[in-house]
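Student: So the protein lines, in turn, are chains A and B.
Residues 1 to 164 in my numbering are what the first sequence spells out, letter by letter.
Residues 1 to 367 in my numbering are what the second sequence spells out, letter by letter.
Hints listed in this document are in silico derivations from the structure and should not be mistaken for laboratory results.
Do not take every clue at face value.
Unchecked claim - Which chain B residues face chain A? A few, computed with CB under 8 Å, are given here:
| hint | residue |
| --- | --- |
| 1 | His-145 |
| 2 | Glu-186 |
| 3 | Glu-189 |
Said to hold, decoys possible - Partial list, derived from the structure: chain B residues whose beta carbon lies under 7 Å from chain A:
| hint | residue |
| --- | --- |
| 4 | Arg-55 |
| 5 | Gln-59 |
| 6 | Ala-62 |
| 7 | Thr-127 |
| 8 | Gly-148 |
| 9 | Val-154 |
| 10 | Leu-190 |
| 11 | Asn-194 |
| 12 | Val-291 |
Everything numeric in this text was worked out from a predicted model, so none of it was measured.
Beta carbons are placed, not taken as given, at the ideal position from N, Cα and C, and that holds for glycine.
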Amino acid sequence: MQEQVNGQKGLAERAWTGAVALLIGLKSTLRTMFERKVTVSYPLQKVNVSPRWHGLLALPIDPETDNDKCIICFQCERVCPDRCIHIEATGKGKDRLLTRFDIEMDKCCYCGLCVEVCPTEAIVFVPHYEASTYNRATLLYDLDDLHQAAPKEPIATGVVKVRR
Amino acid sequence: MALRTEELMLNMGPQHPSTHGVLRLIVTLDGENIVDVRPDIGYLHSSVEKMMEYRTYLQNIALVDRGMDYLAAMANEEVWVLATERLAKIEVPERAKYIRTIMLELQRISSHLIWLGTFGIDLGAFTAFLWAMRERERIMDLFEHATGGRLHHVYFRLGGVYEDLPDGWTAECTEFCDYFLGRLPEYDELLTGNPIFLARTQGVGVLTTEKAIQMGASGPVARASGIAYDVRKAHPYEVYDRVQFDIPVRSEGDCFARYLVRMEEMRQAVRIIRQCLEQIPSGEIRSRVAVTVRVPKGEVYARTESPRGDLGIYLVSDGGDKPYRVKIRAPAFSNLYALTEVMRGWKVADVIAILGSTDIVLSDVDR
Chain A
1 MQEQVNGQKG
11 LAERAWTGAV
21 ALLIGLKSTL
31 RTMFERKVTV
41 SYPLQKVNVS
51 PRWHGLLALP
61 IDPETDNDKC
71 IICFQCERVC
81 PDRCIHIEAT
91 GKGKDRLLTR
101 FDIEMDKCCY
111 CGLCVEVCPT
121 EAIVFVPHYE
131 ASTYNRATLL
141 YDLDDLHQAA
151 PKEPIATGVV
161 KVRR
Chain B
1 MALRTEELML
11 NMGPQHPSTH
21 GVLRLIVTLD
31 GENIVDVRPD
41 IGYLHSSVEK
51 MMEYRTYLQN
61 IALVDRGMDY
71 LAAMANEEVW
81 VLATERLAKI
91 EVPERAKYIR
101 TIMLELQRIS
111 SHLIWLGTFG
121 IDLGAFTAFL
131 WAMRERERIM
141 DLFEHATGGR
151 LHHVYFRLGG
161 VYEDLPDGWT
171 AECTEFCDYF
181 LGRLPEYDEL
191 LTGNPIFLAR
201 TQGVGVLTTE
211 KAIQMGASGP
221 VARASGIAYD
231 VRKAHPYEVY
241 DRVQFDIPVR
251 SEGDCFARYL
261 VRMEEMRQAV
271 RIIRQCLEQI
281 PSGEIRSRVA
291 VTVRVPKGEV
301 YARTESPRGD
311 LGIYLVSDGG
321 DKPYRVKIRA
331 PAFSNLYALT
341 EVMRGWKVAD
351 VIAILGSTDI
361 VLSDVDR
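The task is simple: from the sequences and hints, build the whole structure.
Tutor: Listed below in structure tokens is the structure:
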């Protein structure tokens, strides 16, 4: 059962085939050495993320109203599979005020369902992905954090738009 | 004077570098020969089937991505949306079907590349791993541009896909196909003709056709044992009945046959992607489905050909917005047990080769 494949061949023949195969392999690796490098030294160089990148979440400020676009419909809270969004509001009708909008970023699975269901594009993905921290409590993003995290131009929204 | 000998019990794993995850193999050895192998699984059990009962049909797409086979997230999404769509009778637009097929085949190549790289490492060919990762990175970029995620995409939706392909994606994908086919002969130079690689794989761990059927092996493992069965041909889903492709079958059943089958499958995947890119129509990508869809009462079994084999989901609905019961038929589970059966009688070094050729993902085995 355990008969060696090369068992019948002589030592010289085996050495010869081994040497030839080694040369063929070395030829391929040598060719690769002169190709363009595909790696980047990560903390120093960074690769651009795509416009649809599922990065951190944010509530960008709308310059017209100087506030975020959230209409407190609780849809993102309901659709979240990990239940990491917590929203609270006071008042009725037009006086409705957002008092709490917390995202537990350590629970988030970056599925993007909240971005998809948001009717006003209030919650968006931002191209940041480096959220590592020494303290888990800092991963609880409150309303201020989410406002500040937003870039000038949101990159990924629930509605398909013309993209560069 | 005869030496007293006794059998030795050896634990391989769960932290062994070549067990591909947290798998413990309890190997009973007589000298260097294997008397018995018992896999001890369950280290990665995450009770996905139970968790799915507490999530809506939409939320489960995000769950099957990471709860099941994490190297082939698209294949998991596909089997889940396929089961739900069949039960809820949701129509899928033509364009979405083509997009799904392209994504599934890209995922197959990406998963096979991981297997190729780790198989190379197991047998001492480190270069193959680095090269496979280089090619896989191109696929990850394609996924990232289209879906936003690299490993866990959450791209398929009930009744279509989330977003249309971005501008220039088709050209990028065509370019990748050409690039990849140009790269594959390098692997032939490096591995297929290598005497060391051949000596470690050829004739090792022969899984006979009868044994493969008995143990329920599927996918490339079964096809390397002479079973010409592929769910894509037998029960076509998406647009697999509209594209031309061959199923690679080998009759040897050894580790080298499994290697050859997977290498040929990657070429066939490129062939499918090219045909899909040619035929893809324009139009809708998603039919209207409510966020909390209520699936009518009933049960359904959907099966797909994941990179590892016959992946099925048995879904029971009681008419609510969450599934009543989900049973996942994982291909890696059956393949693992089929190949630990054939390990008996081989040397301890062959365990690594046989296990590496199985292409198991422990998240898929344990679920």
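Student: None of the hints should be skipped; say for each whether it holds.
Tutor: Now the hints, each set against the structure:
| no. | hint | verdict |
| --- | --- | --- |
| 1 | His-145 | holds (5 Å) |
| 2 | Glu-186 | holds (5 Å) |
| 3 | Glu-189 | holds (5 Å) |
| 4 | Arg-55 | holds (6 Å) |
| 5 | Gln-59 | holds (4 Å) |
| 6 | Ala-62 | holds (4 Å) |
| 7 | Thr-127 | holds (6 Å) |
| 8 | Gly-148 | holds (4 Å) |
| 9 | Val-154 | holds (4 Å) |
| 10 | Leu-190 | holds (5 Å) |
| 11 | Asn-194 | holds (5 Å) |
| 12 | Val-291 | holds (6 Å) |
No hint from the list above goes unmet by this structure.
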